[in-house]
Amino acid sequence: MCSGRIDPQFILKAFQSGADGVLILGCHPGDCHYKEGNYKALRRFYLLRKLISQFGIEEERLKLDWVSASEADKFVRTINDMVETVKALGPLKRIPAHTSTEKGTGDLQEIKIG
Amino acid sequence: MGKPKVAFYWCASCGGCEEAFVDLAEDILKVIEAVDIVLWPVALDFKIKDIEKLHDAEIAVSFINGAVRTDEQEDISKLLRKKSGLIVAFGSCAHLGGIPGLANFVNRDKIFDWVYKNAPSVVNNNGVFPQKKTGVIEGDLTLPEFYDTVYTLDQVIDVDYYIPGCAPPPDLILKAIEAILSGTLPEKGTVLAPDRALCETCKRRETKPEKAAIKEIKRVHQVMLDPERCFLDQGIICLGPATRDGCGERCINANMPCRGCFGPTSRVVDQGAKFLSALASIIDTNDEAEIRKITNSIVDPAGIFYYYSLPASMLRRKLNV
Ligand code: SF4
Ligand code: SF4
Ligand code: SF4
Ligand code: FES
Numbered sequence: 001m002c003s004g005r006i007d008p009q010f011i012l013k014a015f016q017s018g019a020d021g022v023l024i025l026g027c028h029p030g031d032c033h034y035k036e037g038n039y040k041a042l043r044r045f046y047l048l049r050k051l052i053s054q055f056g057i058e059e060e061r062l063k064l065d066w067v068s069a070s071e072a073d074k075f076v077r078t079i080n081d082m083v084e085t086v087k088a089l090g091p092l093k094r095i096p097a098h099t100s101t102e103k104g105t106g107d108l109q110e111i112k113i114g
Numbered sequence: 001m002g003k004p005k006v007a008f009y010w011c012a013s014c015g016g017c018e019e020a021f022v023d024l025a026e027d028i029l030k031v032i033e034a035v036d037i038v039l040w041p042v043a044l045d046f047k048i049k050d051i052e053k054l055h056d057a058e059i060a061v062s063f064i065n066g067a068v069r070t071d072e073q074e075d076i077s078k079l080l081r082k083k084s085g086l087i088v089a090f091g092s093c094a095h096l097g098g099i100p101g102l103a104n105f106v107n108r109d110k111i112f113d114w115v116y117k118n119a120p121s122v123v124n125n126n127g128v129f130p131q132k133k134t135g136v137i138e139g140d141l142t143l144p145e146f147y148d149t150v151y152t153l154d155q156v157i158d159v160d161y162y163i164p165g166c167a168p169p170p171d172l173i174l175k176a177i178e179a180i181l182s183g184t185l186p187e188k189g190t191v192l193a194p195d196r197a198l199c200e201t202c203k204r205r206e207t208k209p210e211k212a213a214i215k216e217i218k219r220v221h222q223v224m225l226d227p228e229r230c231f232l233d234q235g236i237i238c239l240g241p242a243t244r245d246g247c248g249e250r251c252i253n254a255n256m257p258c259r260g261c262f263g264p265t266s267r268v269v270d271q272g273a274k275f276l277s278a279l280a281s282i283i284d285t286n287d288e289a290e291i292r293k294i295t296n297s298i299v300d301p302a303g304i305f306y307y308y309s310l311p312a313s314m315l316r317r318k319l320n321v
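Protein chains in written order, with our numbering: chain Y, 1 to 114; chain A, 1 to 321.
Honestly, the hints are just simulated from the structure, not real lab data.
Some hints here could point you the wrong way.
[To be verified] 27 Å max Cα-Cα, derived BS3-like pairs, lysine-lysine:
id, chain 1, residue 1, chain 2, residue 2
1, A, LYS188, A, LYS78
2, Y, LYS13, A, LYS318
3, Y, LYS103, A, LYS293
4, Y, LYS35, A, LYS293
[To be verified] Just some of the chain Y residues that point at chain A, by a computed CB distance under 7 Å:
id, residue
5, ARG44
6, LEU47
7, LYS103
[As the list claims (entries may be wrong)] Stretches of chain Y that chain A covers, calculated by requiring three or more beta carbons in the stretch to come under 8 Å of a beta carbon on chain A:
id, segment
8, 2-16
9, 74-86
Just so it is clear, CB atoms sit at the ideal spot from N, CA and C, and this is done for glycine as well.
Go ahead and model the full structure; you've got the sequences and the hints to work with.
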């Protein structure tokens, strides 16, 4: 799938579903089969990075890089780097399920004014 | 058979949605004649006890506005669910979380610290803070429990229909009421407004950029707004491409960009992500440094893209506040 086809909802869905990091890989600038898909991905990427940081998700958990089909070494390096980054950050705090409120969870009894 | 029973209730709400009913003017009299109102805290003196006494599903329809952020709001919503045939989430706050939902960027402690200690207009030297329970001569007074997270109504109870808008416009309210009274409602879960983007009916759509067109993003107070040209083409963020039609372009006609109060169309889950995507496709540069510069010039993207829909978004709230 062309990187320009990555709907930002896919990325958020990945984080929502439990991903600790998301790596988008596209063709090198100038090599996109659809000409400009990777540039579109690049513009979305920077907006998305800023957006997720406002949700308390570290920017480094989302990465974009260019790797062509003939760059096995770079592919391996990019994946390994991403794994290192995510390991260093640790697991992402999970978002509670949509279907329950905090009612009766016990930590609501005292309002802490600190 | 008597007239259908109807309840109105408000949760975390500003009162504007109640006002929207009153704004139906003489049309509201027709509605009131046709139904038997059993609960309407803003206007009439009924008690929750009265509702508890009703049979299950005895109320034909309950209109609930406001988001859910306290245990009391959750309890009453659940009670109304049990006692009602239909639940209608009324207005942006019940539908999507709305403006109160922006509190999901912080948490309860931060809100209390700000409201009772740190806001510049607050003087609270004696440290007077709200308590869940306060003893007085007459007995114990209690306050509802305040949640860390703001919820949409459908995250708390099953919702049958949605009337969108902050506040919903009179024509949509009347149409919805007519459909309910005449039993011509669409499929359960429907948002009772047209299922297309606002841009499709906007008068300014002729000038809406189809491809890369803007090099700079500006805020409304920084420019003289052209009253004819598409806001996006002026570099002003307008949520029209990611927002459902049906308000009559209220903001656009007042020469203000759309902030998305109608929520997304049925094909979109996350309104903010959808708008981000639309915006990225009209930024006119492929140069990385310039893309970063433009991105950084948007002061609060999450706050604008989810102005009304943060609790309904995929990520719902800020983690690690
Ligand atoms: S939707 Fe708007 S008018 Fe209605 S309660 Fe919320 S803020 Fe007020
Ligand atoms: S972006 Fe805003 S101003 Fe432009 S066509 Fe859409 S709704 Fe109208
Ligand atoms: S223009 Fe947008 S923000 Fe304004 S009323 Fe319509 S949908 Fe709501
Ligand atoms: S085909 Fe578009 S990025 Fe590879």
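How the hints compare with the structure:
About 18 Å separates the Cα atoms of LYS188 of chain A and LYS78 of chain A, which keeps this hinted pair within 27 Å; it holds. Note on LYS13 of chain Y and LYS318 of chain A: the hinted pairing holds, with a Cα-Cα distance of about 15 Å set against a maximum of 27 Å. Distance restraint check for LYS103 of chain Y and LYS293 of chain A: the Cα-Cα separation of roughly 43 Å exceeds the 27 Å cut-off, and the hinted pair is therefore not satisfied. Between LYS35 of chain Y and LYS293 of chain A, the direct Cα distance comes to roughly 23 Å. Compliance with the 27 Å bound is thereby established for this hinted pair.
Against a cut-off of 7 Å between C-beta atoms, the interface hint on ARG44 of chain Y holds, since the closest Cβ of chain A lies about 4 Å away. Given the 7 Å rule on beta carbons, the hint for LEU47 of chain Y holds: about 5 Å separates it from the nearest Cβ of chain A. Annotation: interface hint on LYS103 of chain Y holds; nearest CB of chain A at approximately 5 Å, less than 7 Å. Counting residues of the segment 2-16 of chain Y whose CB lies closer than 8 Å to any CB of chain A gives 8, so the stated coverage by that chain holds, three being the minimum.
Given a C-beta distance limit of less than 8 Å, the hint that chain A covers the segment 74-86 of chain Y is violated, as 0 residues qualify and 3 are needed.
In terms of the numbered hints stated before, the structure departs from hints 3, 9, listed from lowest to highest.
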